[in-house]
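J.: As given, the protein sequences belong to chains A and B, one line each in that order.
At position 446 of the first sequence (counting the first as 1) the number is 667 in my numbering, and the numbers step up by one without a gap.
At position 212 of the second sequence (counting the first as 1) the number is 750 in my numbering, and the numbers step up by one without a gap.
Since the hints were made in silico from the structure, they are not lab data.
Errors might be hidden in some of the hints.
[Claimed, not checked] With a straight-line cut-off of 20 Å between C-alpha atoms, the simulated SDA-like cross-links for lysine to any residue are: (1) B/K706 - A/T648; (2) B/K985 - B/F1032; (3) B/K650 - A/T402; (4) A/K661 - A/G258; (5) B/K911 - B/V981; (6) B/K747 - B/F1032; (7) B/K650 - B/K747; (8) B/K706 - A/L629; (9) A/K376 - A/E351; (10) B/K912 - B/E984; (11) A/K661 - A/L389; (12) B/K985 - B/T967; (13) B/K985 - B/L931; (14) B/K706 - A/F636; (15) B/K912 - B/D897; (16) B/K650 - B/F571; (17) B/K912 - B/L992; (18) B/K650 - A/A583; (19) B/K912 - B/L964; (20) B/K650 - B/R562; (21) B/K706 - A/I633; (22) B/K650 - A/G650; (23) B/K650 - A/A584; (24) B/K650 - A/G258; (25) B/K706 - A/V506; (26) B/K911 - B/D991; (27) B/K650 - A/A587; (28) B/K912 - B/F1032; (29) B/K650 - B/K706; (30) B/K706 - A/D314; (31) B/K985 - B/D843; (32) B/K650 - A/T648; (33) B/K650 - A/P649; (34) B/K574 - B/R995; (35) B/K650 - A/V503.
[Stated by the list, open to error] From the structure, some residues in chain A lie toward chain B, with a derived Cβ separation under 8 Å: (36) L594; (37) P601; (38) S631; (39) D686.
Idealized CB from N, CA, C, for every residue including glycine.
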Amino acid sequence: MSSLNAIVPMACVTAAAIAAMVAEAFRDPGERMPIAGLGLVGLVGAAIATVLLWNHNTSSFGLVVADDFGLFVTGILIVVGLLSLAISGPTIDRERLPAGEYYALMLFATAGMMLMATASDLLVIFLALEVLSLAVYVLTGIRRESPAATEAAFKYFLLGAFSSAFFLYGIAFSYGLTGSTRLDSIRGLTASQAPAPMQLLAVGLVLVGFAFKVSAVPFHMWTPDAYEGAPPAVAGFMSTGVKAAAFAAFVRVFLSAFEPLRGQWSDVLWLIAAATMIVGTVVGVAQSNVKRMLAYSSIAHGGYLLIALLSANDVGKGAVLFYLLTYAITNIGAFGVVALLDNASRPNDRVADYAGLWNDHAALAALMTVFLLSLGGFPPMAGFIAKWYVFSAAVKAGYSGLAIIGVLTSVISVFFYLRIVVMMYMTPGNTPAQFPAVPKIAGAALVVSAILIFYLGLLPTRVLDWAAASISAF
Amino acid sequence: MHFPILTSLIVLPVAGAILVLFVRGDEEQSAPFVRKIALTVSVLIFAETLLLWSRFDPSSADFQFVERHAWIPAFGIQYFVGVDGISLLLLVLTGFLTPLALLSSWESVHEKTKAFSIFMLLLESAMMGVFISLDLFLFYVLWDAMLVPMYFLIGIWGYDRRIYAAVKFILYTMAASVMMLLAILGMAWLHLTTTGSYSFDLLRLYDLKVPPHLQFWFFLAFALAFAVKVPLFPFHTWLPDAHVEAPTAGSVILAGVMLKMGTYGFVRFAFPLFPEAASFFSPALAMLAVVGIVYGALVAMVQPDMKKLVAYSSVSHLGFVVLGIAAMNTQGVQGAVYQMLNHGVSTGGLFLIVGMLSDRRHTRQISEFGGLKKVTPHLVAAFLIVTLSSIGLPGLNGFVGEFLILLGAFRWDPRMAAFAATGVVLSATYMLWMFQRVNYGPVTNEKNTRLADLGRRERAIIVPIIALAVLMGVLPNLFLRPIEPSVARLVNRFHQNAPAHLQVDARPSAIGHQPSAISHQP
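Sequences are here, hints too, so could you generate the full structure?
T.: Here it is in structure tokens:
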């Protein structure tokens, strides 16, 4: 039985997902059921399993390793899942979405993400990628009667399927050359051979697959449309969970299996990182829709994470983890505010809709300010520490050019984050935008996120140590 | 273990802000209570800074009241604070101006008083923190954190173009300071490669030998951040906007304290950390400073708006400070530190008075006023004293600082001093001309005939300013004594590490060996 230990966290979540589906099937029309509670149970179970597995470095079937790196990401995904559950309630009620389906899909996606973060075999990574992607495609289009949502889901699905094919192709080439899909054997074989053109092709194709999932430029085109069409709570879930899982696998594959080919891919990744930061921020400035703006901001944040990945020293790997954690909390918080302002009659998602929010919802405005300033990297919020961590990795690895691009683009990003702040605080609202009342659970989740942001910004030591410890055995 | 007085300077305002946050009730019920809490907290902090001064050992150049705790040990980041003679009086100045700024907004801020008080207190906390940080990471955190409350103060309670001014302020200063962040990281990394561990500890980094080509870039990165903050010509364009649009309290803090952070940064960080690069660049800095002195004065002269005039006069006055620092001799730096205090008092005072006039008339155009002397004699008397202190009349504070700076600059490079001295004349011209147009002559505008003279609250604001201006002019020694040892050590260390700097100090000159002509009087 011990060989199953490593998959306990995702098994808990999957069980909860199945339970949610069953519950939905037995639900009378119109009956209210606390299905989110099932998700809560599953995620808490996963959290307990994660804590118990910490430092044990167990592996299941040689395909899934619950090392501390994977468990840290699992922890991030649990946080993402919990926050997403908390902010989804109002959306489900208002849009009359099928609660069981919604939560089941979210939990399946989370299980897929966890698998992706801990998989040590390219095929399992692909499997996990498909599990999470399919669930997320459906979630994007879950508002069936909305044309925008359907369009977004379809776009996302087509492009996503395409990129999965690239990814699979890459795996096939890699298998053809090395005879294995296991990351450690690939590493051993690539280290002993001179780089063959075929192998570079394999690396390139896998890179395209990952770049698509983390929405790195030039594979980012789907992101703004998908986030805009999806319900805000789902957009928050996608922008953080998918990114965290994809980055975890990205780091694992490129810093273990393809590490010997570093000389070949580092220049490409340099360009992708720079382009991702620049395009994300510069295009973000031009957005008038908050969701699209947050989409471009999340693209830009992917660029910072790529710097950390590229730096590839111990600081960089720790920085990936810490950055993912703070980014997840902050971005879900920001999307959470967007979700809570969402109204049955109008989405309230243009920047102009935020005018005078301070007068109607002082607390929401303050929370949004905290999230935005943290995304912009202002101390004493967590976003600052995370960026600082990334830039110190870059300076240490000698990527000063990327660090300079990084700090300059983060100044540009402050410009568009502040546009919302300007709207909320300094512009009188001309038409009362009819913001709905804030439900207690969602409000509490946002307050907890804000507290975590300050905690990670002021006293980051403990979490930094965990992040550093979890990559040491990597 | 002694009472962590420096930490309390950071924590107390935050605690006050949290207390204010929990005051219940709508605007009308809560506002008077909120104002009193904020004022009480800020007065308490001022008392603390005075206590700090009384316990401070003026004969020592070391950092005192040091507190040191590990913060992020993996990177050698510490919570490391302390004061020396250079920062001590800047703390007192911050403590002094904040209650006055709060008082000045007693009636003019009547919306969202709660948020206003919270931002003022948070701002005070961050400013105190900047002056006491001895860890570069901590310094940067507070340096950046300080921008946010000021941004809200300008953007919410400012005048017509407040949003533009607020965004310009925050983007300008942030864009300039991010390069400093990279330079700080570079320093820590350099410490890692030479000693094997990260460190952001200022005192350790002082001893780090930075290779010349890195010094060059690091100095530029630091200097850019500080030059924008000062603001040094040609990086000053955010300042008139920010000052003109900010509410009076914001202008007072901005001019009185925040601009000093730029010059303080030069003294504390840029010059001692990178002495070779600093001595390479200091002629250029001095040149920009002199251009700023003359340019600021000339532009101030033609301003129709009093607040804008005072804002440009800041560009000119801060040019003097940078000139004194660039000279890097005892008189120059001592004068620069003294002038930072002076400028805080007199320009703070000017903004307060302009604020009082603008509260009465809702305009700041010079042409709208005239002949106020007959209408509001007390206000005009206060205005006169503050004006004279700003232009450096002997017997008031401004004179001592400018004199020391010019003395230091002359010993370093007489040409600079000669050009800078024209600024003294020009400042008398524009200030007195403005004063004359506003206060003398017949009352030309009907609306000015029934203006109220100073009220009780306004007296409470302006009397301390005048008292301090006189005290600093008559007894400069009181203030110079604690400054001197720290400055002397700074200058000596600088010359040891940067032999290239024009070493006028090293040889005996006509002015003599005395480190300072004034402070050595018995």
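J.: Going straight from one Cα to the other, do B/K650 and A/A587 come out at no more than 20 Å?
T.: Answer holds: B/K650 to A/A587 is near 14 Å, not above 20 Å.
J.: Does A/A583 lie within 20 Å of B/K650 when you go C-alpha to C-alpha?
T.: holds (11 Å)
J.: Holds or violated: B/K985 with B/D843, Cα cutoff 20 Å?
T.: Given that 20 Å is the threshold and the Cα spacing comes to 18 Å, the pair holds.
J.: Would you mind confirming whether the straight-line C-alpha gap from B/K650 to A/G650 stays at or under 20 Å?
T.: holds (16 Å)
J.: When the nearest CB of chain B is found for A/P601, is that gap smaller than 8 Å?
T.: With a minimum Cβ separation of about 6 Å from chain B (threshold 8 Å), the hint on A/P601 holds.
J.: Would you mind confirming whether the straight-line C-alpha gap from B/K706 to A/F636 stays at or under 20 Å?
T.: Between B/K706 and A/F636 the Cα gap is close to 10 Å, so the pair holds against 20 Å.
J.: Given the proposed pairing of B/K912 with B/L964, does the C-alpha separation stay at or below 20 Å?
T.: Violated - the C-alpha atoms of B/L964 and B/K912 are around 27 Å apart, more than 20 Å.
J.: Quick check on A/S631 please, does its C-beta sit within 8 Å of some C-beta on chain B?
T.: Nearest chain B Cβ about 7 Å off; hint holds.
J.: With a cut-off of 20 Å on the C-alpha distance, tell me whether B/K650 and A/V503 pass.
T.: Violated, at roughly 34 Å.
J.: Between the alpha carbons of A/K376 and A/E351, is the straight-line distance 20 Å or under?
T.: Measuring from Cα to Cα gives roughly 16 Å; hence the hint holds.
J.: Quickly compare the C-alpha distance for B/K650 and B/K706 to 20 Å and report which way the hint goes.
T.: Violated - the C-alpha atoms of B/K706 and B/K650 are around 23 Å apart, more than 20 Å.
J.: Assess, step by step, whether the Cα of B/K912 is no farther than 20 Å from the Cα of B/F1032, and give holds or violated.
T.: Cα-Cα ~54 Å, so violated.
Hint compliance for this structure: hints 2, 3, 7, 11, 12, 13, 19, 24, 28, 29, 30, 35 are not met, and every other hint is.
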